[in-house]
Amino acid sequence: MDKPAMTFSLRRSALAFVAAIGLAVSFSAALPVSAQELAPEHLALARKYVDLTDKSAVYEVTIVQAGINTMKQFIQQNPEISKQLDAAITATIDEYKGRKGELMDQFARVYASRLTMDELQKIVDFYSTPAGKKLAQVNFEANQDLAKVLQVFQANLSVEFVAKVRARLKAEGIDV
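As numbered in the numbering used here, residues 14 to 189 make up the sequence shown, in order.
For the record, the hints were derived by calculation from the structure and aren't laboratory data.
Glycine included, each C-beta is placed from N, C-alpha and C at the ideal position.
Do not rely on the hints blindly, as some may be mistaken.
With a straight-line Cα cutoff of 30 Å, these simulated DSBU-like cross-link-like pairs (lysine-lysine) come out [what the hints assert, rightly or not]:
| # | residue 1 | residue 2 |
| --- | --- | --- |
| 1 | Lys113 | Lys68 |
| 2 | Lys161 | Lys146 |
| 3 | Lys68 | Lys177 |
| 4 | Lys183 | Lys161 |
| 5 | Lys85 | Lys96 |
| 6 | Lys61 | Lys85 |
| 7 | Lys68 | Lys135 |
| 8 | Lys146 | Lys85 |
| 9 | Lys85 | Lys113 |
| 10 | Lys177 | Lys161 |
| 11 | Lys147 | Lys113 |
| 12 | Lys135 | Lys146 |
| 13 | Lys135 | Lys147 |
| 14 | Lys110 | Lys96 |
| 15 | Lys183 | Lys135 |
| 16 | Lys161 | Lys147 |
| 17 | Lys113 | Lys135 |
| 18 | Lys85 | Lys68 |
| 19 | Lys147 | Lys110 |
| 20 | Lys135 | Lys61 |
| 21 | Lys110 | Lys177 |
| 22 | Lys68 | Lys147 |
| 23 | Lys110 | Lys61 |
| 24 | Lys161 | Lys68 |
| 25 | Lys113 | Lys146 |
| 26 | Lys161 | Lys113 |
| 27 | Lys146 | Lys177 |
| 28 | Lys96 | Lys61 |
| 29 | Lys61 | Lys177 |
FRET-style restraints, in silico, Cβ to Cβ [as the list claims (entries may be wrong)]:
| # | residue 1 | residue 2 | range |
| --- | --- | --- | --- |
| 30 | Thr105 | Lys161 | 31 to 39 Å |
| 31 | Arg181 | Ile106 | 55 to 63 Å |
| 32 | Glu54 | Gln90 | 46 to 54 Å |
| 33 | Ala79 | Phe174 | 38 to 46 Å |
| 34 | Ala57 | Lys147 | 48 to 56 Å |
| 35 | Ile106 | Phe174 | 42 to 50 Å |
| 36 | Ala160 | Thr129 | 25 to 33 Å |
| 37 | Pro143 | Asp188 | 23 to 31 Å |
| 38 | Ser141 | Val189 | 53 to 61 Å |
| 39 | Lys113 | Val172 | 52 to 60 Å |
Given only the sequences and the hints, what does the whole structure look like? Please build it.
Printed below as a string of C-alpha cells:
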C-alpha cells in the first residue's frame, strides 16, 4: 500500500475508533448516576492503562483529520482564501492540542466502568513489561492488518457460502 493510502487508512481507522469510543462514552453517560460514580483511584488506574496503550496518537490523528476535512470543504468553495484558511485551521488545531487529556479521561472512564481495580492493575502491570510495551506499540497496526485479513475472509466466505448452499440445493434437485 502506498504511503498516502496508508495514511488515509490510518486516519479513517482512527476516526472509526474514536467514533466507537464516543458511542461507548455516550452509552456510559446514559447509565444511572450511581453506576458512573467511580473512585478517583479507579479512574487514575484506568487512565494509566490508557496512557500506556496510546501509541497510535488517536487524538492527534483525529484533530489533523478534522483540519484536512475542513480544508477540503472550504477550499472547494473559496480557493482564494487558502492562506487565511490554512492559518485559521492551524490556529484551531493549536487550540485543541492541550485538550487531549479530556478525551483520554473519557477513555479511562469507559475502562474503569467495565474493569475492576484488580483487573486494571493486572493490565497495567502487563503493559509496563517489555512485552506489554511492544504489544501496545504494534497493536494499532496489527489491528489494521487483522481488519484487512477479515475483509478478505468475508469476501471469500460470501462467494464460497453461496456456492455451497447452491450446490446443496442442486443436489436436492433445486436450481437457484
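Going back to the hint list, which numbers does this structure go against?
-> 3, 4, 6, 8, 15, 21, 27, 28, 29, 34, 37, 39
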